[in-house]
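Peer 1: One-letter residues, chain by chain:
Number of protein chains: 4
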Amino acid sequence: MSFWIGQVWRGRMSMLRSKQDYLDSLKRMRPNVHKFGKRIEDVTTDPNTRRTVESHSKPFELADTEGYSDIFTTISYLTGERIMRFNSLMETGEDLIANSRLKRTMYHLTGTCTGGLCVGWNAMNVMWGVTYDMDREKGTDYHGRLESWIIGAEKRGLVVSGALTDAKGDRSRKPSQQKNRDTNLHIRERREDGLIISGCKAMICGVAASDEIFLLPGSDYGEEDKDFALACAVPRDAEGLTVVETRRPSDTRELENGFDTPVETGITQAHLLFDEVFVPTERIFMAGEHQYAGRVIDYFTANYRSCIGACVAGQGDVMIGAAAMMARTNGLPSSTFRDKLVQMEVNNETTYGLGIGAIAMGKRHTAGTWYADPLLAHTNKVHVATLPYETKRLCQEIGGGMVETGCFPSYEDLKSPEYGEKLLDMIQANPGISSETRARAARLSEWLTIGAGVPGCMHGGGSPDGAKLIIRTNTPIEEYVGYARRLAGIKEEVPEVERKKA
Amino acid sequence: MSFWIGQVWRGRMSMLRSKQDYLDSLKRMRPNVHKFGKRIEDVTTDPNTRRTVESHSKPFELADTEGYSDIFTTISYLTGERIMRFNSLMETGEDLIANSRLKRTMYHLTGTCTGGLCVGWNAMNVMWGVTYDMDREKGTDYHGRLESWIIGAEKRGLVVSGALTDAKGDRSRKPSQQKNRDTNLHIRERREDGLIISGCKAMICGVAASDEIFLLPGSDYGEEDKDFALACAVPRDAEGLTVVETRRPSDTRELENGFDTPVETGITQAHLLFDEVFVPTERIFMAGEHQYAGRVIDYFTANYRSCIGACVAGQGDVMIGAAAMMARTNGLPSSTFRDKLVQMEVNNETTYGLGIGAIAMGKRHTAGTWYADPLLAHTNKVHVATLPYETKRLCQEIGGGMVETGCFPSYEDLKSPEYGEKLLDMIQANPGISSETRARAARLSEWLTIGAGVPGCMHGGGSPDGAKLIIRTNTPIEEYVGYARRLAGIKEEVPEVERKKA
Amino acid sequence: MSFWIGQVWRGRMSMLRSKQDYLDSLKRMRPNVHKFGKRIEDVTTDPNTRRTVESHSKPFELADTEGYSDIFTTISYLTGERIMRFNSLMETGEDLIANSRLKRTMYHLTGTCTGGLCVGWNAMNVMWGVTYDMDREKGTDYHGRLESWIIGAEKRGLVVSGALTDAKGDRSRKPSQQKNRDTNLHIRERREDGLIISGCKAMICGVAASDEIFLLPGSDYGEEDKDFALACAVPRDAEGLTVVETRRPSDTRELENGFDTPVETGITQAHLLFDEVFVPTERIFMAGEHQYAGRVIDYFTANYRSCIGACVAGQGDVMIGAAAMMARTNGLPSSTFRDKLVQMEVNNETTYGLGIGAIAMGKRHTAGTWYADPLLAHTNKVHVATLPYETKRLCQEIGGGMVETGCFPSYEDLKSPEYGEKLLDMIQANPGISSETRARAARLSEWLTIGAGVPGCMHGGGSPDGAKLIIRTNTPIEEYVGYARRLAGIKEEVPEVERKKA
Amino acid sequence: MSFWIGQVWRGRMSMLRSKQDYLDSLKRMRPNVHKFGKRIEDVTTDPNTRRTVESHSKPFELADTEGYSDIFTTISYLTGERIMRFNSLMETGEDLIANSRLKRTMYHLTGTCTGGLCVGWNAMNVMWGVTYDMDREKGTDYHGRLESWIIGAEKRGLVVSGALTDAKGDRSRKPSQQKNRDTNLHIRERREDGLIISGCKAMICGVAASDEIFLLPGSDYGEEDKDFALACAVPRDAEGLTVVETRRPSDTRELENGFDTPVETGITQAHLLFDEVFVPTERIFMAGEHQYAGRVIDYFTANYRSCIGACVAGQGDVMIGAAAMMARTNGLPSSTFRDKLVQMEVNNETTYGLGIGAIAMGKRHTAGTWYADPLLAHTNKVHVATLPYETKRLCQEIGGGMVETGCFPSYEDLKSPEYGEKLLDMIQANPGISSETRARAARLSEWLTIGAGVPGCMHGGGSPDGAKLIIRTNTPIEEYVGYARRLAGIKEEVPEVERKKA
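Protein chains in written order, with the numbering used here: chain A, 5 to 506; chain B, 5 to 506; chain C, 5 to 506; chain D, 5 to 506.
Because the hints were derived from the structure by calculation, they are not lab data. Since no wrong hints were added, every one of them can be taken at face value.
Mimicking DSSO-like on lysine-lysine, the simulated pairs with C-alpha atoms at most 27 Å apart in a straight line are:
#1 C:Lys178 to C:Lys142
#2 C:Lys426 to A:Lys183
#3 D:Lys495 to C:Lys23
#4 A:Lys230 to A:Lys178
#5 B:Lys495 to A:Lys23
#6 B:Lys426 to A:Lys495
#7 C:Lys426 to D:Lys495
#8 D:Lys23 to C:Lys495
Okay, chain A solo, but in the shape it has when bound (with noise of 0.2 Å):
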């Protein structure tokens, strides 16, 4: 028996969403993705957005099936139905690692980022204490009106991105000190019924895959900035809402035919353009509480850095499966590099284990919710930002150089009439493995090392030096000089020298 103690349901189950449900929803939605200058019609079937969405439905799909099942499903603390995972509330240690572990399966499952299973989640959890708090300090009335979304979004098995990062404009002023406003998002007009926003989001993943898109803060905010603190959910369709997808590496290749992509998987980052867009007051959490929004900052991060371990621990995962696989289609035994094997393992196993130490440190908020310790959050940020750089290497060096530099006949030189054959006898080096087979393992390695499936591990949630900041802090020096004197016999103070004057 595992510390976590799974809670598998045993009945009802088709209560749950199906995935044909989550594909006709995205379906019916207006219009509103963009993609290289085009609107995009239809998400689920147009070749920019359907591998991410073929993504996010992986959990409908398996949400019956044995070993996956107590993975994507949990039962409601607020209505003890079974639901989804990525619509609970997490109120225990044991909660947050099964996030850990369902985003290790997802990469397992998808070899990259499912943003829309994730962000949407972690905020609203993060809202889940926040609003207590102000409910309770400020006699708001947050906290019921988060609750009823939830239920809502448990009952429809809602997908919801998160968005925090603004596009922010010139660093050096604050918000509201900008040329143009609209570089952050901010409440634009107070209504009655509810909210009018408008500005822009910026890197947001998985929102072409979402029903809604959760909102908070970007920063802490001063009072002169209080317009930028903002918590709301919006659906992703929303009137005023222009949501433009970045480009990628390798992302044309998704628009060929053939398998120079060989994933049906995929991810997407976008810019949101809001344009006075309207937010009924039952969606909106935080309105202009700018004490609260740096609280926000704070058990989000905490959260969203202990369990990142295991997104880059799951492709890590997929990355030693590709390096073994590839070293095969080589003709080689991948047992021949098993100390980098056994390397990458360590690298993978680091990040998840080390988040789940800072998951077993944290604590639960009166609100009911749990966070994870800061300090060992952001340690593993740390690592979450080089580890999985020498994951990449050694996948790459154990599978050669087409791997490493991505070069490798493309599928249409391969199918080629004139020289397609020849080419396919060349590129075979292990005689009981097809030439196709070994194309596909090096566009894979290609993929996840330097292609299409990086995810955006080091920057997504904050840099790592902005989690140095926060592990310096937490460092307790005058305790640990304490230590140092009290062991030395040092009976004099040895106070900090003070900076010289440049």
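Chain A is already provided as a structure; the job is to place chains B, C and D on it using the hints.
Peer 2: Here is chains B, C and D on its own, set in the frame of chain A:
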């Protein structure tokens, strides 16, 4: 409220063993500890051993002090009495996290390793599960004996070192094939009332400060080596046992006056020579059940390698303090080195937090004890074997050349009537800090990084290469290849390639 | 005055090949280069190849420009005429250092690899020594032929790519044992006037921009594989040769308009399919002397791995510039990241300077050419295979999330009549720098670190594991044991222990 | 034939100073060296200093031995006579490479640092250029004096330690502002026939084994500190000079019998207390020309940091030998650890080869001396400050727990009549290797990695942070931004962003 629920005890504090009682017990023992070819008459006063005794006495000294009582004491699962924590069974993840916390605290208080508070504790918890299994599967009655012994240890507050590593002899031969069987501890004779044991355990920590020694098998054994599959507890001064303390870097400074060894705490490692030592039946917990020796190693290393992250973290904390203090005595703000201090903290939190992750992912044995997740525990060992070296390097880099090489005028020179005064003047670098403080600070950093305080974390509890072997065994390569294969749309199998014969 | 003595030429500059002549020659060639299943009619204008041609044309363009003429031209040892440096014999350490300098400069100018200026050059210098040896020991007449070819290449200023790596086929079998002999380039027929050769060389750099290709054996060979011991030079458009350019990350962006590929330079790697290509006698420099194939590899890798440190240093310099520029377009002082920039520079200078150390410790072959020290050269390879990954990571860390993932709005989106203007507003971060500049800067960093500009430095010229094997062979373990033994006052021998049979 | 042309001398060997003459000279000196508060009467026999004297005597012992004569002797540029190499001017890159080779060889022979053969040598070469500049620019006559002194040193084969580092005092004040001016060496009085100097140089290597000490300014100085801009050579036993040797890890073992310090060589570092020492005019090479003090530091560090890579490489070679030997005495094939041994060799060759790269890219001063390239030299320093720590870690990892902690039974215990025999039996691990050999091997690895043999390479000759500062200054950021900008097709300038006021 933390994940770890402090079991604060609120009464009957007087029941705990006092420091004085501990010291008196050690004094009363048969003098069988030696160093430099001489017998040590009283380990509590002899300069070769008094520092490690002082170290081990800290928990008795602080058991009733607020901030420490939760760390050093707990409630017995067996009796409901308040006991020293290092005598307790660990039945939950929280108990094992408390073990980590105790270790980190002990390093804060002593700067180095106190093996007598840790290895015997771990050994007895390991045997709690293994004796349970043996009894159930083999019809033996070890578990009850162990329970009685533990209840006794709890009542008396015993300091128990633990011994696994045998002298081993010729590494290319099994224990039973050795020219000299004594290179491995073994059952020499089975008697009605107990066993006669002989042989040698090597490099055992904290023996001089211990009341008893918990002996475990040093390896997995086959049928032919069943006499080596032996677990029992013996008094440190058992008849027939000769303890020879090894010498360590700069150890004779401990015999000098002055502050060239500035600390009053310390560490020892000993070779134990057993020459027909009698062990009565009630102290025997394994006697020939070789099939279980491997399980002992598995459980032992899983828990040990989880918690040892706290040891190196604790020493790393002291190194942060020592480095900051050194910078200041050098006349520089310690904040000059903030990036290096943050890196040290990252290292500390990594091994601490990853160990806690291993604990959190552990599981409870049917007998009640908690065993950490082996994959994460062994991953932690890899970091424990590397990160502290970087931490030491950074401590030396911040401290300067005198720390790096340990080169600094000796106490005797600083006190020289001829030139001592002048020398003291010359070594002062911060006008507000005395020369003696700078000397003590330099010596502390030396002691921590290149002196007698360096603990055996890389090889203690087994080598990192051994850990990597276990990581390799626990990496599901074929499962990972499966993920990769499915993602790449590869239909055919990609089996391992056979290695060519050399 | 530097160690490297610039051989500045002061006259007759008009003799050198012009860029126009170079382009015209390429245009005149038989169109035998293909990509995406199509034949490229004119490599100088086709978007798939024009960037690499542009890259390779830089030395012609700058040959007479101060600050570059010393780098790109030199005086022929054979004729005393001024020639392009990449056609020269390298007879001194200074010549080889000039090779390194040329490579670093080429990266500054093109951002990536120009294999046609480097591999053929190295190949011909390697063969200068090996043909000398063969002639002297075997009575062949290769050396004179090579001299004639080189004089011709010097006069014409030829761009010569070099090809070692064969397609190889089944790695567990020798070339002659392959089911399809064409997996390795070989002599198919020996004729009076030359050879007929067939087979496949894989992953060859810069072919599309080359006048000729210098072919070398891909490995050491035994007697049975003597037909594979083959060195010769062929025109790039030789009858029977089909060139298939491989596809690389984000390569189709080069076919688009706009600035999503912001650079006008580029790299290619190709598979070369030889189908009964005739090579006249005067172009043949090895034809069956398999005993010398290993020597070719030894000399080639020694020089190549010394100088490749300059390649990754040069790209690293550009990454420093790209990172600093990105920081500024992000609105931050680049000095914020000075520690990271210093680390990048440390990496650059390490591979550059260690390569130069290998050159300085090299030796002159009796034939006159300089070969670098293999131990230092292979040590450099180990760093070349690792440090650039750290440099890229730092470039991405400084640049931010858009660099890390390459996620940024596309050119088409930034130009959208509907929302382009708004998007451009949103991506401006430094009020003094235009949005387009920020977009170009982001795309450059992407191109360098996760796009089409990433060169094949880890596996190019052989794997780092191969380098480590040579380092192992060149480490005099017994000599070092001798030092240790004498220092420790050990009188007896300490011979290697025999490995136990598994 | 190597790049480095050995200047093998073939005659008049008897002219060189003999080892006996060297020892006799040391014996004849005024006893002004102290340790542990006592004066050392004869440095050649006192156990505190005899090992370093033994180390420094090696070149005299081996000057005429084949394989060593090229390393330890050369032909004087000044007189054409054969001289000890460490007294020679270095006028070519080859001369400086020979310096590196000498250092690596000295580590092979002694296992540690012989500062008296290296720092004074470097100092005199630095002053060769600086005195030339001063004379030319200031009309002084230092250069001729130095030439005379060097010719004398060459003739007598002097061992000359070098001293830069001052005791410094309060780091926040300049030398002239110190409460106690003696914290920095300075001119106290200018007399007709010379100078009276006072003050303290700290942490100076090899003084006890030196004939003379070459004193250099410890820093760049302004006009107000011109009395500190001082360069001269003094006999080690000058009147008024008190030498206090610092204590090092495990140094008192050198006073014991047995093999707990198994080596007969050693290192020392001393504090030098100058109390009104008279220096005659002909020995003075700078006396107040503060504008040149910075140049001294620049030249000194460039050459020193190039060659110090050879020191750590040489000790690393010995660690490879020690680790391989330890593995064998542990009963394991050293080839078990081949990957670790290769990594150690990679580290050794990196600092050695990069230093040689710095030399090869150096330049000749008008005065004739060769100064290494500062950017590469300081880059090397960064590696010298880090890689040896990894090498030591690997040495400890291979050697096992007894090496890691230095814990092993003492000589006295192994010789105990009571249990010594038994203990010797227990520590034998390879039946073909004696217990004493294993003990000696373990103690050697301890001595190298955590004992008295650890040299001061990180801070010796300045800190790595200082090196990074110089790397930063030498990185042409704007030039690199220019490359990036042009490649990205950016037309506008991208200037540095001004830092916001805090």
